[in-house]
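Trainee: The residues making up each chain are set out below.
Number of protein chains: 2
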Amino acid sequence: MNTIITIGREFGSGGRELGRRLAEELKIAYYDSEIVSEISKRTQLSENYVKQILEKQPVPLMPITIGHSFYHVPHPLLESNRAIYNEQTKLINELSEKSDCVLVGRCADYIVRDKHPFRIFVYADMESKLRRCREKGDEAEGLSDKELIRKIKNIDKDRAQYYEFFTGRDWHDKLNYDLCINTTNTVIKDIVPILARMFRA
Amino acid sequence: MNTIITIGREFGSGGRELGRRLAEELKIAYYDSEIVSEISKRTQLSENYVKQILEKQPVPLMPITIGHSFYHVPHPLLESNRAIYNEQTKLINELSEKSDCVLVGRCADYIVRDKHPFRIFVYADMESKLRRCREKGDEAEGLSDKELIRKIKNIDKDRAQYYEFFTGRDWHDKLNYDLCINTTNTVIKDIVPILARMFRA
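First to last, the protein sequences are chains A and B. Take any residue in the first sequence, note its place counting from 1, add 21, and you have its number in our numbering. Take any residue in the second sequence, note its place counting from 1, add 21, and you have its number in our numbering.
Hints in this document: simulated from the structure, not taken from any laboratory.
Some chain A residues close to chain B (C-beta under 7 Å, calculated; not the full set):
hint: 1; residue: Y144
hint: 2; residue: D146
hint: 3; residue: L196
hint: 4; residue: N203
hint: 5; residue: M219
We treat Cβ as the ideally placed atom computed from N, Cα and C, and that holds for glycine.
Working from the sequences, and respecting the hints, build out all of it.
Mentor: Dropping the structure here:
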C-alpha cells in the first residue's frame, strides 16, 4: 500500500510549506493547487470558482419548508458545488492510489481513511502565525495586527466548518490525527529533515 | 544544554511505556518512581503518602471566611503537601541539569520550561485505552468496562486539575506541547525506534 501523508493545518502555521518540503525530502508526490486545476478541467468551471468553493464553508442542500411539507428544491449553484465536492473526493482517491504522496488540507485524511494515511496536524500560537503571515506578505498586506488576527481566526473557522460538514468530525480534535506538530518558534526548513527520518525504513 | 524530553500522557495511552522505552533507545536517564522515593527521603514522609499527594488534585490554601474578614489558617497537612510540591520542583530541576533525560508527568514540561524541553503529549481513543488497561491487569481487575472508563476519565480529570493548579495552563491544549502522539492502534515498542530517530543528530 502507498505511503499517504495528509496534512491538516492552521492558517499561518506553515503547514503547507511543511507538506511541500516533506514531499521533496521523501521524493514523493505533493498535491495542492494541482487538485484545483484538475477539478476545474473536469467540471469545466473556472479555477477561481472551484478554489472559492473548496475554501469556503459549504452550503448544505437545505430542504425548504412549505406549510408542513418538505421539498428538496434543486438549485443549479448548489448542484455545481456538489459536483465540485464529488470530483475532489474522486480525484484525491485516484491520486492516493497512483503513488506515495503528501496531500494538504481538503479533508484528505477523511477521504482516504480506508487506505491508512498518516495524518499530521500542524498548529502554532497566534504570535507565531502572525509573524509567518507577515513574512509571506500578500495576505497580510495593509492589515493591522488586529485585522490580521481576525482574518486568521476566520479562515480557521471556515476550515473547521468545512471539515465538520464533510466528515462529521471536529477539526480541532487530536484524535483525528496521528501526530500534531507545534511549529511555534520553529523554522519549517529545519524541522522537515528531522520529521522525514520517521518515514524512512 | 541537556536534551530534556517531557511526557504528558492520558491514562492508558501507553505514555509511560513510551517514555521509558524512548530513554532506553536514546540511552539517557529516565525518571519516574525514583522521584517519589527521593522526595520521600528528603521530606521524611512515607513513599505512599508522597505518591498519593502527587497524584491527586491539590488542595489550595483556601482562606476561611469569618464574617467579612479573610484569614489564612496554616494547617499542618497542607503545609506538608506544599513541602512535597516544592521538593518535587527542586528535584526535577536538579535532575534535568545533571544529564539528558526523559521526565514523565509531574508538570515537568512547565517546571523545566526555561531549559527548552521537548514536550510530548501521548493520547489515544477510549477503546484503545481500555484495551491497554486490561492488558496491564492490576488496575482494571474486577472492573466492568463502564467502571474502568469512569476510572480512566477520573484519573485524567485529576491530572488536568493538577496541571492547571500548578501551571495555570490547560492540560488538553495542544499549544503546551511540541508534539502530540496518537497511540490508538499502535504498539508502543514499534513506534519508539521511529520516534527516537528524531532525536539523533
